[in-house]
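Colleague: Residue numbers (the working numbering), protein chains in the order written: chain A, 1 to 372; chain B, 373 to 776; chain C, 777 to 1077.
Honestly, the hints are just simulated from the structure, not real lab data.
There could be a bad hint or two in this list.
[What the hints assert, rightly or not] Just a few of them, taken from the derived set where beta-carbon distance is under 7 Å, the chain B residues facing chain C: (1) P396; (2) L558; (3) L564; (4) R565; (5) I581; (6) L589; (7) L613; (8) I638; (9) S641; (10) I643; (11) G644.
[Unchecked claim] Stretch by stretch, here's where chain A covers chain B in the computed footprint (C-beta under 8 Å, at least three residues): (12) 489 to 502; (13) 679 to 693.
[As the list claims (entries may be wrong)] Calculated from the model, a selection of chain C residues having no Cβ within reach of chain B, i.e. all distances over 12 Å: (14) F824; (15) F846; (16) S848; (17) S920; (18) T924; (19) M930; (20) T947; (21) A963.
Note that the structure is predicted; figures quoted are calculated from it, not measured.
Note that the Cβ used here is the ideal one computed from N, Cα and C, for glycine as well.
Okay, here's what each chain looks like letter by letter:
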Amino acid sequence: MKKLFTVLVLLLAVTAMFFVAGCKKEEGAIKIAVVGPHTGDLASYGIPTIKAAELVVADWNANGGVLGRQIELVIEDDVCKPEVAANSAAKVVGEGVVAVIGHICSGATKSAMGIYNEANLPAISPSATNPALTQSGNYPNFFRTIAPDDAQAATDAEFIDKKLGLKTVAVLHDKQDYGKGFADFTVASLEGLGIEIVLYEGITANAVDYSAILTKIANTDAEGIVYGGYHPEASKLVQQMSQMGLDIPFISDDGVKDNTFIQVAGEYSEGVYASGPMDTSSNPMSQKATADHKSTYGEDPGAFFINGYAATIALLTAIENAGSTDGVAIMDALRSNYVDTPLGNISFDENGDAIGVGFAVYQVQNGVYVEL
Amino acid sequence: MNKVLKEIRTSALSALWMMILTFPIIVIKVNTINMTVNWRWINLMWVGTGTFILSWLWRYLLDRKENGSGLKKTDTKESRRFSLHKSLNDKKMRIPVLSTLAVLVLVLPLLVNFYQVSIMTSALIFVILGLGLNIVIGYGGLLHLGYAAFYAMGAYSYGLMYLYWGIPFWVALPLGAVSGAVFGLLIGFPVLRLRGDYLAIVTLAFGEIARLVLENLSGFTKGPEGIAQIPRPGFITKLSLQGATIYLFYICIALVLFTIFVMRRIEDSRIGRALEAMSEDDIAAQSMGIDLTKAKLTTFALGAIWAGMAGVLLAAKTTYINPGSFTLMESVMILVAVVLGGTGSIPGVILGAFLVTLIPEYFRALSDYRMLMFGVALVVMSIFRPQGIIPRVRKHYIVGEDQS
Amino acid sequence: MKYFLQLVLAGLTKGSIYALIALGYTMVYGIIKLINFAHGEIYMIGAFTALIIGGVLQITTGLPPVTILFISLAAAIFFSAGYGVTMENIAYKPLRKAPRLTALISAIGMSLVLQNYVLLAQTSDFLPFRSMIPNFSFLIPGKSLVTTTQLVIMITTVVVMIFLTILIKFTRMGKAMRATSQDKVMAQLVGIDINKVITFTFAIGSATAAIGGVLIANHMGQINFYIGFLAGIKAFVAAVLGGIGSIPGAVLGSFVLGMAESFGAGYISSAYEDAFAFVILIIILIIKPSGLMGRNEIEKV
């Protein structure tokens, strides 16, 4: 009985110590959080942003940091799940960060923004494209260095109308947040341009075979297929289209404008159209960022690297301009100043969308994406 | 000496076998785009030495589990290990132990930072889910693989009722429980005739259908985009983020206590015993006058009530819900919590739920290895504690005075 | 009419794919009554092994694609069977006498282990899997109906099913398997080494999964570490639909499932494709609670 009490008291003491140790705060460095999927199947979308932030911060720290203080990154994983993102957000807020770079997925971002709003922290996402994040007014602390889905959809729709001159299209999506959002906005834009949507359906991601739905499309008079989703399903679709002899243009989104798509789909990827952020490879800052990445990590940068790089520069510049680490001051500075980034000279509008960032349509030609 | 040699031989053979087996995946990395092959021979050495040591340890532990310790020894070990559990049944101990625990829990949010409170709340929500599923699996003996659908029902009833009518948390909580129960009954009716794994697969199917409907009815449920900006519960006025998180933590504690209380009442009630009889042998139970239809439906409805409540709590905690949070994997994780902790045992399920939520959270440092370690932990726990970490203690009834 | 025929063929393809995985599922279940959650992972490992061995051969030797296909298929069968047997030995054998739910948790754990093992040792990205099956020239005119890989998958399924049926019905080992499945204690009493029988069952079941893995990867053109999970679930559904434990049942169940999905997608909407499969499953099980070809178990009191 005595023993039991000792055990309980010890347990209490250990727990308390453990937790108290967790709360210790460090003065000095300015902390910035980088949150996104760093493990799991979507890790390849999140890790390039960490690398971008690390490169920028290393640069700034070498030049004396910001506001005379060094910058420290707090990296957290949210595996792109809303329920985990809420915990990751709570964790970085508890660590005393002054701003957040992230999150990567729109759903996770929405769940985390509630916490950042309360804590008055600005968050800049390099990749969350859901239009509601900026346009609904529900997320006043949200900024992004990528254009929203509706802008992307409008670019694609205009391309289908003007350049390809299609009259009827079939629209597919993967029933997920990003893909369905893109498909819905594309349908709206296409209808506005007078193009007929002959088929609009969701497909099951990760399915083993898509011949039924492709047969269905072949039996309509669709002149092209628009697909909202990511590259794994897109490469299965184009492969099966080619094997079935369904030879019509395939137009897709930023989730497909990825070199992995070309590698996986191989010969079948030839001629596929996909929209993506405007090409920045001629921008000297972008060239420097890519070169830095290559020399530091020994490989080419991954998805959203340039957007993450731009987000970090914009954030640090805003802190410098604001002259303080107060959330409201930083947000004002983000909105009122233009800053040079690898994406060009950008600023943020009232809603948090970047001004000067847009989309372009690319086509796979001889195994590489070429801007049209 | 001979025995040692034999052991070395067995270990060496297992190591060799594992080296052959893992060879293609561990050693070769082929890139068919650049046409390069990368031979990582060093990995083979790790597999070899690792298997050599681990297989030895494995056989030693298995051996000890099977016959190393006799019946008597295990008995004392069991009783030592579960002294906490036992002491709770001892009247003198109950009050000090429980009050220490209560103080610990009540002051926890004041001691620790906001993130710890947040993940503790997640763990508590999982405890409620685990206890709810425990009614279906532990008491009713029905394998249920679609439990996440009930959870989704709760979360979406709060989300949708807030979206369309602005209904607050405290109204949504009981309504979430009710909608869970109704859904439980709806699923319960068609599956009355099924048993065993056929029942499991049909519950799985219902779970997936529920998720697909949430995904596809995007006009009504907002589809994969999800429902955002669901409010946290307010206490008289709107609370700050920290305040709301701590408040939600206390609500979860209160609900967990309420759940435990109800579970204990169910265990001792007519329904509880009917369920137990049904899980042991449904035909015998039926011939003793237990209405199986009623018992099965009660099981589903009772189980679903808690999932509904947990769903409302989840929606209030994350403020954002989408169908992606209620996949088959979620159902499987709740099942893991129940079976790992000890099917039918209330303290066991609570511990299991904490382990399943907190291990991946605290093992973040392991990053890529954490899911691998979690899988290994599941296998190891199943083999060495097949009845669960804290197995169920059955009630004993002693007849006659001479035995007492 | 052509559209209908196209949908039938699409359904048959899908059904054959499910069947190749479901056969192993149903065999293992039949013998130790275990829902082997990790069976999908064995299929994934088969596909990976074929990709790796095939890739090495393609880069280092100049063998023709068909030869490479057969060598990598043989390697996939060998290694998958090895993984299946080893997995049974480590994770399931110590649990023969434990509650069935515990064995299920062990299987779930094994599934996570194998997924993450491949993720860590190889990659989380999708890898291209170039089809090694040459195009049959006589099929080119009808390629909107059926492609070469589809035809190969369908034929293989039927061949594997016939092979397994003969194995179980007419060989000594098959007899031992049936005896073990009915009553383990009794089987031991009549001199059957049930450990040997169970090991053999896992080896055969995993080998079929490997054949499935290679052919399906050829059909889909890509693989990653996660493909086994969903395919495994679908195959499990198909096996239960047909009456779990029955070989022809698994194939029939898979075809019904494939057809339901194909017709659902073709005539109604592909958004609900999976839902149709599950609704069919529920309806069939409500009418026939032990599956299409499952034995009706008579309860003895």
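Colleague: Do the numbers back the hint for G644/B, that is, is its least Cβ distance to chain C under 7 Å?
Modeller: Status violated, d = 20 Å.
Colleague: Beyond 12 Å on every Cβ pair: is that true for S848/C relative to chain B?
Modeller: The assertion about S848/C is violated, with a minimum of 10 Å to chain B.
Colleague: May I ask you to test the interface hint for P396/B with respect to chain C, counting a Cβ-Cβ separation under 7 Å as satisfied?
Modeller: holds (5 Å)
Colleague: Mind checking the CB of L558/B against every CB in chain C and telling me if the closest is under 7 Å?
Modeller: violated (12 Å)
Colleague: Can I643/B be said to touch chain C, with a Cβ gap under 7 Å?
Modeller: Constraint on I643/B not satisfied, violated at 22 Å.
Colleague: Using Cβ atoms and 12 Å as the threshold, tell me whether A963/C really stays out of contact range of chain B.
Modeller: holds (22 Å)
Colleague: Should the hint that I638/B touches chain C count as held when the rule is a Cβ pair under 7 Å?
Modeller: violated (20 Å)
Colleague: Does the claim that T924/C lies outside the interface with chain B hold up, using a Cβ gap greater than 12 Å?
Modeller: holds (21 Å)
Colleague: Between the region 679 to 693 of chain B and chain A, see if three or more residues pass the 8 Å beta-carbon test, and mark the coverage as holds or violated.
Modeller: holds (count 6)
Colleague: Does the nearest C-beta of chain C fall within a distance shorter than 7 Å of the C-beta of L613/B?
Modeller: This hint is violated: L613/B lies away from chain C, its Cβ roughly 34 Å from the closest one there, beyond 7 Å.
Colleague: Mind checking the CB of I581/B against every CB in chain C and telling me if the closest is under 7 Å?
Modeller: Interface hint status for I581/B: holds (5 Å vs cutoff 7 Å).
Colleague: Does the claim that S920/C lies off the interface hold, with its Cβ farther than 12 Å from every Cβ of chain B?
Modeller: S920/C clear of chain B: closest Cβ-Cβ about 29 Å, beyond 12 Å.
Hints 2, 3, 6, 7, 8, 9, 10, 11, 14 and 16 from the earlier list are contradicted by this structure; the remaining hints agree with it.
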